[in-house]
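Take any residue in the sequence shown, note its place counting from 1, add 226, and you have its number in our numbering.
Among the hints, a few may not be true.
[To be verified] Label pairs and their calculated CB-CB ranges: (1) Gly-512 with Gly-482: 15 to 21 Å; (2) Asp-531 with Glu-400: 26 to 32 Å; (3) Thr-530 with Glu-338: 53 to 59 Å; (4) Gly-514 with Asp-457: 16 to 22 Å; (5) Gly-512 with Ala-473: 22 to 28 Å; (6) Arg-353 with Asp-531: 43 to 49 Å; (7) Glu-318 with Arg-429: 48 to 54 Å.
For the record, the hints were derived by calculation from the structure and aren't laboratory data. Yeah, the Cβ is synthetic: ideal placement off N, Cα and C, and Gly gets one too.
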Amino acid sequence: MAPADRLQTLLDLSHRVSSSLDLTEVLEEFTARAAELANATAAELSLWDRDREAVVMLVERVSGHNEVTEVGGELYLLSDYPATRTVLETQEPVQIQISNENHDPSERAFLERRGLRSLLMVPLVARGETIGLMEVIDERERIFDAYDVDFCRALCDVVAVAVRNAMLYSQVQEMAVRDALTGLYNRRLYHDLFRSAIARSGRTGEDIAFLVVDLDGLKRVNDRGGHEEGDEALRLLSQAIRETVRADDVGFRLGGDEFAVLLPGASGFAAMRVADRLQSALLAAGNGRYTFSGGVACMSTCGTDPDDIYRAADHAAFRAKAAGGARTLIAVEPAESQLATGA
Numbered sequence: 227m228a229p230a231d232r233l234q235t236l237l238d239l240s241h242r243v244s245s246s247l248d249l250t251e252v253l254e255e256f257t258a259r260a261a262e263l264a265n266a267t268a269a270e271l272s273l274w275d276r277d278r279e280a281v282v283m284l285v286e287r288v289s290g291h292n293e294v295t296e297v298g299g300e301l302y303l304l305s306d307y308p309a310t311r312t313v314l315e316t317q318e319p320v321q322i323q324i325s326n327e328n329h330d331p332s333e334r335a336f337l338e339r340r341g342l343r344s345l346l347m348v349p350l351v352a353r354g355e356t357i358g359l360m361e362v363i364d365e366r367e368r369i370f371d372a373y374d375v376d377f378c379r380a381l382c383d384v385v386a387v388a389v390r391n392a393m394l395y396s397q398v399q400e401m402a403v404r405d406a407l408t409g410l411y412n413r414r415l416y417h418d419l420f421r422s423a424i425a426r427s428g429r430t431g432e433d434i435a436f437l438v439v440d441l442d443g444l445k446r447v448n449d450r451g452g453h454e455e456g457d458e459a460l461r462l463l464s465q466a467i468r469e470t471v472r473a474d475d476v477g478f479r480l481g482g483d484e485f486a487v488l489l490p491g492a493s494g495f496a497a498m499r500v501a502d503r504l505q506s507a508l509l510a511a512g513n514g515r516y517t518f519s520g521g522v523a524c525m526s527t528c529g530t531d532p533d534d535i536y537r538a539a540d541h542a543a544f545r546a547k548a549a550g551g552a553r554t555l556i557a558v559e560p561a562e563s564q565l566a567t568g569a
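Take these sequences, add in the hints, and give me the full structure.
As structure tokens, this is what we get:
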């Protein structure tokens with residue numbers, strides 16, 4: 227590609243990715259052009275997972291192919307690839323040729339396994355911080371010239387800022403749907419997930435259970451130990467929810483002392499067993515100081531409207547609290563029917 231064409235492509239790519247907060251869109255746009263711009267066989271993008279001392283490969287683009295290959299989080303430990311660590315830590319590009327015995331043997335073995343001959347690794351650096359690297363790979367044995375290296379660095383500078391922005395945006399989105407005190411999802415996400423579960427249930431024919439949990443005596447706890455103890459009780463309940471629910475269940479803090487658990491595919495009795503485990507976990511975590519009143523409702527008995535299911539479970543929790551708390555009751559009919567019959 228001629229220098230003028232490369233420059234125009236870089237400008238176009240810069241405009242596209244800098245205006246996007248969708249990380250998938252950023253990566254697809256980047257990998258779609260990187261192999262072509264470097265006149266190489268393939269280009270790959272990996273992010274640096276500092277906690278695991280590894281890089282996680284996200285996407286790969288083979289030159290001349292229209293599809294982006296999703297690698298699916300393939301992880302490479304930096305202890306196995308010293309040259310990769312060097313790129314990340316020094317923020318300088320590194321080249322590997324398979325026939326050069328002075329080059330990192332692990333990287334050369336990586337090339338050999340894939341039937342490739344040359345590798346250029348370029349760091350992704352945003353605001354002075356390395357967040358990952360791009361790897362440009364060629365089936366030909368070649369030394370990437372200074373122009374290729376500089377151009378790849380410019381390309382990485384563009385995408386690094388976009389990736390960092392997208393990562394920060396994802397963190398902000400996550401913060402917006404989580405309760406700050408407990409880390410559970412908040413009411414903002416509750417309706418969306420509930421309706422999605424009901425839609426899936428319509429396809430699978432499985433039931434859905436919903437558990438409402440009210441911490442007993444929160445005002446008394448606050449009066450006794452101040453809001454610090456009240457917050458601790460709420461945190462212990464949220465921790466118990468995370469540790470006792472099934473893998474597919476989702477916990478929420480709906481507000482104040484009210485929590486909930488959405489249990490896709492569960493019967494009412496399965497939800498009651500979850501509630502029993504949750505009560506035991508809270509008692510153990512709080513040394514017997516804290517309990518909750520719970521209510522369970524199911525789609526099969528209360529209809530497919532999330533609000534109706536919630537009201538039925540909430541009324542059952544109200545009855546449990548009125549009966550002395552520290553127990554969970556199950557709604558066998560919608561809340562309106564329970565109220566009409568005095569249940």
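Practice task
List in ascending order the numbers of the hints, as given earlier, that are violated by the structure.
Solution key: Violated: none.
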